[in-house]
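What follows is each chain in one-letter form.
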Amino acid sequence: MSALSLAGSTRVGDLALGVDLEVEPGETVAVLGPNGAGKTSLLRLFAGLLALDSGTLAIDGATVDDPGTGTFLPPHIRRVGWVPQDRLLFPHLTVAANVGFGPGTDSDRVTGLLDTLDLTGIADRRPDECSGGQAQRVALARALASDPVVLLLDEPSTALDVESRHLINGVLAADNAPATLLVTHDPVEAATLADRLVILEAGAVTQAGSPAEVRSRPRTRYAASLVGLNLLEATASGAMAVTTLGTRVVLAEAADGPVHLVVPPTAVALHRSAPDGSPRNVWQAGVTDLQPAFERIRVVLDGPLPVVAEVTPAAVEELGLRVGSEVWAAVKATEIVCHSI
Amino acid sequence: MRRLLLTLAGLAVVLLVLPILGLLQRMPWSSLPDLLADDVTLDALRVSLVVSLIAAMFVLVLGTPLAWALGRTDLPGRRIVRALVVLPMVLPPVVGGTALLFALGRRGLVGQWLDRWFGLTLPFTLSGAIVAATFVALPFYVIAVEGALRTARRELDDLEGIASTLGAPPFTVLRRITLPRLLPAMGAGLALAWARALGEFGATITFAGNLPGRTQTLPLATFLALQSEPERALALSLVMLVVALAVLLPMRDRWLPGR
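Protein chains in written order, with this note's numbering: chain A, 12 to 352; chain B, 451 to 709.
Note that these hints are calculated values from the structure, not bench results. Nothing here was measured: the structure is a model prediction, and the numbers come from that model. Note that the Cβ used here is the ideal one computed from N, Cα and C, for glycine as well. Careful: at least some of the hints might be erroneous.
Heads up, incomplete: computed chain A residues facing chain B, CB under 10 angstroms, no partners named [unchecked claim]:
no.: 1; residue: Gly81
no.: 2; residue: Phe83
no.: 3; residue: Arg89
no.: 4; residue: Val91
no.: 5; residue: Gly115
no.: 6; residue: Pro159
Sample of chain B residues lacking proximity to chain A, with all beta carbon distances greater than 12 angstroms (derived) [claimed, not checked]:
no.: 7; residue: Gly472
no.: 8; residue: Met539
no.: 9; residue: Asp607
no.: 10; residue: Ile612
no.: 11; residue: Thr615
no.: 12; residue: Leu633
no.: 13; residue: Ala694
no.: 14; residue: Val697
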């Protein structure tokens, strides 16, 4: 039984939103899309702050919205936890009172959440005395305190400090975390938190699949430019990082500890022989796949740094690339973006 | 330029404060206890308090839903209603009283039915004084609360939405989110409306008359005393000054910012 099951449509202003989506218990799904694609409206639909025009929406197996039968359950009986983008803490209540707001909230659960999200020390503060990261943690604790079946997160780590992101990701990755739907336009956030990606453009789903699938075969220009980024887990020490495969990568700026390395496919240059000059990350790789992506070709590489390179069809021809070819790949240190985790 | 502005500003302060000083300077301090303790003063104070407090209650009960309808719904015609609501604020109170008389008087538009069906007579009664005070005071409250509702409309929508996803049914949302956010505006609006009801003169004397012990409020008693017994007028003025300060002082944080 799905935690969340939607097949329906509605209108929000000028936007026609029509989505088929299932989220299984314990699963985390990221909805990625450009501004105005209908991401937040989708969350409001699940929360019951927006109604379907047609179709059905079920939460935990129970239909909560079905205009066909006139069913519409109001938000307060849906058991959906909502963390809005601008947090929206209750300004007249303390942190502890915000977290414990839901009627029937278990006080031990509130205490536990305050502790897990490192909020105990600021439990008596008002929201206007909290930093952005603290406010986001309060909003998450408040949503989880009423024991939701589904957690809805709107841009959860926008402008977060590393400490807050770490705490929040820890809570979301815990075994007892509810099914989670997060909307974001940050591909790194989506790839690190989600089991599955859904690309939403102009109110419609243009692609759905695992992060690896979407990365290797983006179906739209948006997916290609944003989600098609290469993401490598590594451990940094100074201006050097070592990937999980043991490959050393030179960074432009010093970092420390576990990191995600983001390598744009367009930054991966391919050569027939070992290049000299400024690129400091150079390695030999085999071509395992060639995917046309609009005016470009995405070249999937294996080897010590398994990444996708995006090159022009002319370059593919010139280099004589086909599956099984051996090439030299190069990335400048300055093209690699390093995120601490 | 700066000197000119400061001179005019000083003049404004003098204009506002001088009358109060004049009042205090002429105050018959020695005979004050007797003047304050006699029946005319106490009756007027009692009538004033009863009229203004009951009017304030009506203002709260009727004005809050009206402010909500004007500030948070998209009902058609609310712009016209908003303009009509402000009318008693700009209308001379005597005109208001005259209008009330012709609408609610014994032979008035509605008054004749009130009299015939319920035996209810409003003109020249305590109830009439309350109606007159409510009529002039209501707009002050509605304007204040409606303004707050309109300013905070987006924020209230958001906060109420969040509260409902946390399992709070509509009445709980109203009690724990909406009302606490509106309380400052409601308090300020109610204080203003009450002060206006307390000071009401024109509509009251026109609609409810000037019957000692029944409809004679402090302002009416003061005006009457001025013609025969100026010392009493001063004493009554002092009572109202004290009451006005008692209302203003708790609100100084709101209206005297940057202390």
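Practice task
Check the non-interface label on glycine 472 (chain B): least C-beta distance to chain A beyond 12 angstroms or not.
Solution key: Holds: least Cβ distance 44 angstroms, greater than 12 angstroms.
Problem - valine 697 (chain B) and chain A, when compared Cβ to Cβ, separated by more than 12 angstroms - result: Given a closest Cβ separation of 24 angstroms, the condition holds.
Handout entry: Per-residue hint verdict: proline 159 (chain A), partner chain B, C-beta under 10 angstroms
Key = Holds - the Cβ of proline 159 (chain A) comes within 10 angstroms of chain B, reaching about 8 angstroms at its closest.
Handout entry: Separation of leucine 633 (chain B) from chain A, once the least beta-carbon distance is taken, above 12 angstroms
Key = Answer for leucine 633 (chain B): violated, closest chain A Cβ roughly 9 angstroms.
Exercise for the section: Hold the hint about valine 91 (chain A) up to the distance rule: shortest CB distance to chain B must be less than 10 angstroms. Expected result: The hint holds - valine 91 (chain A) has a Cβ within 10 angstroms of chain B, the shortest such distance being about 6 angstroms.
Exercise for the section: Tell me if phenylalanine 83 (chain A) is really an interface residue toward chain B, meaning its C-beta lies closer than 10 angstroms to one of theirs. Expected result: Result: violated, 13 angstroms to nearest chain B Cβ.
Handout entry: Given as non-interface: threonine 615 (chain B), which should sit over 12 angstroms from chain A by C-beta
Key = violated, 4 angstroms
Practice task
Would you assess whether alanine 694 (chain B), listed as outside the interface, keeps its beta-carbon beyond 12 angstroms of every beta-carbon in chain A?
Solution key: holds, 30 angstroms
Exercise for the section: Mind verifying the non-interface call on methionine 539 (chain B)? Its CB should be farther than 12 angstroms from each CB in chain A. Expected result: Given that every Cβ of chain A is farther than 12 angstroms from that of methionine 539 (chain B), nearest at about 30 angstroms, it holds.
Exercise for the section: Test the statement that isoleucine 612 (chain B) is away from the interface with chain A: the closest C-beta pair must be farther apart than 12 angstroms. Expected result: violated, 5 angstroms
Practice task
Answer holds if the nearest beta-carbon of chain B is closer than 10 angstroms to that of arginine 89 (chain A); otherwise answer violated.
Solution key: holds, 7 angstroms
Problem - Supplied contact hint for glycine 115 (chain A), tested at 10 angstroms Cβ to chain B - result: At about 7 angstroms, which falls below the 10 angstroms cut-off, the nearest Cβ of chain B leaves the hint on glycine 115 (chain A) intact, so it holds.
Against the hints set out earlier in the document, violations occur for numbers 1, 2, 9, 10, 11 and 12.
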